[in-house]
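Asker: Chain residues, written in single-letter form:
Number of protein chains: 2
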Amino acid sequence: MVATPAYTVVLNWLEEQLRHGKIRVGDKLPAERALAEHFSISRASVREAIRILDAMGLARSATGSGPQAGATVISEPSAALGWALRMHIATRALPVKDVVTTRLLLETQAAWDAASGENDDHTDRDDILSHARDLLDRMDDPEISNDEFHALDAQFHLLLTSLAGNVVLETIMVSLREATIGYVQETVATLEDWPSIRATLQTQHRDIFTAVTDRDGKLATRLLRDHITWFYSLVPRAEK
Amino acid sequence: MVATPAYTVVLNWLEEQLRHGKIRVGDKLPAERALAEHFSISRASVREAIRILDAMGLARSATGSGPQAGATVISEPSAALGWALRMHIATRALPVKDVVTTRLLLETQAAWDAASGENDDHTDRDDILSHARDLLDRMDDPEISNDEFHALDAQFHLLLTSLAGNVVLETIMVSLREATIGYVQETVATLEDWPSIRATLQTQHRDIFTAVTDRDGKLATRLLRDHITWFYSLVPRAEK
Numbered sequence: 001m002v003a004t005p006a007y008t009v010v011l012n013w014l015e016e017q018l019r020h021g022k023i024r025v026g027d028k029l030p031a032e033r034a035l036a037e038h039f040s041i042s043r044a045s046v047r048e049a050i051r052i053l054d055a056m057g058l059a060r061s062a063t064g065s066g067p068q069a070g071a072t073v074i075s076e077p078s079a080a081l082g083w084a085l086r087m088h089i090a091t092r093a094l095p096v097k098d099v100v101t102t103r104l105l106l107e108t109q110a111a112w113d114a115a116s117g118e119n120d121d122h123t124d125r126d127d128i129l130s131h132a133r134d135l136l137d138r139m140d141d142p143e144i145s146n147d148e149f150h151a152l153d154a155q156f157h158l159l160l161t162s163l164a165g166n167v168v169l170e171t172i173m174v175s176l177r178e179a180t181i182g183y184v185q186e187t188v189a190t191l192e193d194w195p196s197i198r199a200t201l202q203t204q205h206r207d208i209f210t211a212v213t214d215r216d217g218k219l220a221t222r223l224l225r226d227h228i229t230w231f232y233s234l235v236p237r238a239e240k
Numbered sequence: 001m002v003a004t005p006a007y008t009v010v011l012n013w014l015e016e017q018l019r020h021g022k023i024r025v026g027d028k029l030p031a032e033r034a035l036a037e038h039f040s041i042s043r044a045s046v047r048e049a050i051r052i053l054d055a056m057g058l059a060r061s062a063t064g065s066g067p068q069a070g071a072t073v074i075s076e077p078s079a080a081l082g083w084a085l086r087m088h089i090a091t092r093a094l095p096v097k098d099v100v101t102t103r104l105l106l107e108t109q110a111a112w113d114a115a116s117g118e119n120d121d122h123t124d125r126d127d128i129l130s131h132a133r134d135l136l137d138r139m140d141d142p143e144i145s146n147d148e149f150h151a152l153d154a155q156f157h158l159l160l161t162s163l164a165g166n167v168v169l170e171t172i173m174v175s176l177r178e179a180t181i182g183y184v185q186e187t188v189a190t191l192e193d194w195p196s197i198r199a200t201l202q203t204q205h206r207d208i209f210t211a212v213t214d215r216d217g218k219l220a221t222r223l224l225r226d227h228i229t230w231f232y233s234l235v236p237r238a239e240k
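Heads up: the protein sequence lines correspond to chains R and C, in order.
In terms of full-length UniProt numbering, the first sequence has 209 at position 209, counting the first letter as 1, and numbering is strictly consecutive.
In terms of full-length UniProt numbering, the second sequence has 100 at position 100, counting the first letter as 1, and numbering is strictly consecutive.
It is worth saying that the hints were derived from the structure and are not from the lab.
Any given hint could be a false lead.
As the list makes no split between identical chains, a pair holds if one copy fits it or if it spans any two.
To be verified - Below, computed lysine to any residue pairings styled on SDA-like, alpha-carbon distance capped at 20 Å:
| hint | residue 1 | residue 2 |
| --- | --- | --- |
| 1 | K22 | A151 |
| 2 | K97 | V174 |
| 3 | K28 | D98 |
| 4 | K218 | T203 |
| 5 | K97 | L234 |
| 6 | K28 | R60 |
| 7 | K218 | L105 |
| 8 | K22 | R92 |
| 9 | K97 | G21 |
| 10 | K97 | V167 |
| 11 | K22 | H131 |
| 12 | K97 | G165 |
| 13 | K22 | G182 |
| 14 | K28 | A93 |
| 15 | K97 | W112 |
Note that the structure is predicted; figures quoted are calculated from it, not measured.
All chains should be modelled from the sequences, with the hints used to inform the complete structure.
Answerer: This is how it looks when you write it as structure tokens:
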């Protein structure tokens, strides 16, 4: 028998409060004790609800007492949804091949929007591009570790995606990226010629960057597609 | 101060177990008591971990004792991720406009794949199409409620999407759909001429269905784009 757990009243209540603007991002949630009394449920059930909100990127809990204690409403969907997608991929319900195809679709659209400048109310375009260029310069340093390279690589792709100005698309992209970190790291570990592959990736990154900067949407889209498809082609067959 | 809560060891352990195929969908998780002892954490912390897995569509808990008790590993990403996206939309971090644009992108690609039959290892294509036709017939019944109409409408779109054969794309589509149920219902509530709009939606559904059945990807994509864009144009400006 599957019963509806007590904590769901807290989650449903919060959704209502958010929808009607009565609670906003940055607000504190009422104390555990107050919520428990209000809904006539145990404090353990309230804590379960808050743990779920933490895991979903909807609350951040602080320990201790005093004004800093308790949970604050946040909205950081990417890491939370990325973790959830990664878990579902681990169960084999979501194949890596389908993640890559979906990423390709979303990221090429983002590159098109970013390059063609259809979203030119994006006043910080120059700042974003200059930040992206810095990342590429840091990735050229042969001294940085593979982990650092991957982290900078992810940030570079994310910055270009953010230029498209669609928060949902960006969130899903970050989640998919987060979901495939394991696959990227495992792939790299099996590659004999990683230094030359890393150099090729950088050449591709620079060409994509130039196309976006030059507002050549068609070229940016094609280069990005080639870049992702090429890296995926290196994945050992067993992983696909 | 943000501390790492005790329950995270259980989540990290499960991810490792899933990745290495030591635990699979359908398996029972060890009992709360056993996990608490193994990781030297409280049973309350183990329960928090399992609540999070429940909320993420990764576990289903049964109450009571005996062989049916305890949590079973499942993988039902759609409802869980849909709920999470809906909450983030409620915080206003994810605008409805961006959800609609992203849905448009993913669903037109799915319609293209479904119609062009690039995924013809999909042996149950005929069954899916025949099921979709049944849904349309039921939606023609003027006696059904608006809620039933919306539910059947959602199922129809999902069935066509499933023909594309990309599980990740399908999961995200269902999640986005789940995330905008509130917006659809609120829109409909404000429309004076709902009966005629409902008739128009049905005409559009039938045309899309015919294009997919006839394997006309170009037409299916265009009709679907018009269908979604038209409905979104009816949304009161305040909601966008």
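Asker: All hints are to be evaluated individually against the structure, with a verdict given for each.
Answerer: Checked hints:
For the homomeric pair K22 and A151, neither the shortest alpha-carbon distance inside one copy (37 Å) nor that between copies (29 Å) is at most 20 Å. For the homomeric pair K97 and V174, the shortest alpha-carbon distances inside one copy (17 Å) and between copies (19 Å) are both at most 20 Å. For a Cα distance limit of 20 Å, the shortest separation of K28 from D98 qualifies neither inside one copy, at 39 Å, nor across copies, at 27 Å. For the identical chains of this complex, K218 and T203 are intra-copy neighbours only, at 18 Å inside a copy versus 35 Å across copies, given an alpha-carbon limit of 20 Å.
Proximity of K97 to L234 under the C-alpha cut-off of 20 Å is restricted to the intra-copy arrangement: shortest distance 13 Å within a copy versus 37 Å between copies. Proximity of K28 to R60 under the C-alpha cut-off of 20 Å is restricted to the intra-copy arrangement: shortest distance 10 Å within a copy versus 30 Å between copies. Taking the shortest alpha-carbon separations for K218 and L105, both the intra-copy value of 14 Å and the inter-copy value of 17 Å come in at or below 20 Å. For the homomeric pair K22 and R92, the shortest alpha-carbon distance between copies (12 Å) is at most 20 Å, but the shortest distance inside one copy (40 Å) is not.
In this homomeric assembly, K97 and G21 come within 20 Å of each other (Cα to Cα) only across copies, at 18 Å, whereas the closest approach inside a single copy is 40 Å. For the identical chains of this complex, K97 and V167 are inter-copy neighbours only, at 10 Å across copies versus 24 Å inside a copy, given an alpha-carbon limit of 20 Å. Taking the shortest alpha-carbon separations for K22 and H131, neither the intra-copy value of 37 Å nor the inter-copy value of 43 Å comes in at or below 20 Å. With identical chains, the CA atoms of K97 and G165 are at most 20 Å apart between copies only, with a shortest distance of 11 Å across copies and 26 Å within one.
Taking the shortest Cα distances, K22 and G182 sit within 20 Å of each other only across copies (17 Å), while inside one copy they are farther apart (40 Å). Taking the closest pair of Cα atoms, K28 and A93 come within 20 Å of each other only across two copies (17 Å); inside a single copy the shortest separation is 37 Å, beyond that limit. For the homomeric pair K97 and W112, the shortest alpha-carbon distance between copies (18 Å) is at most 20 Å, but the shortest distance inside one copy (23 Å) is not.
This entry does not satisfy hints 1, 3 and 11, going by the numbered hints stated previously.
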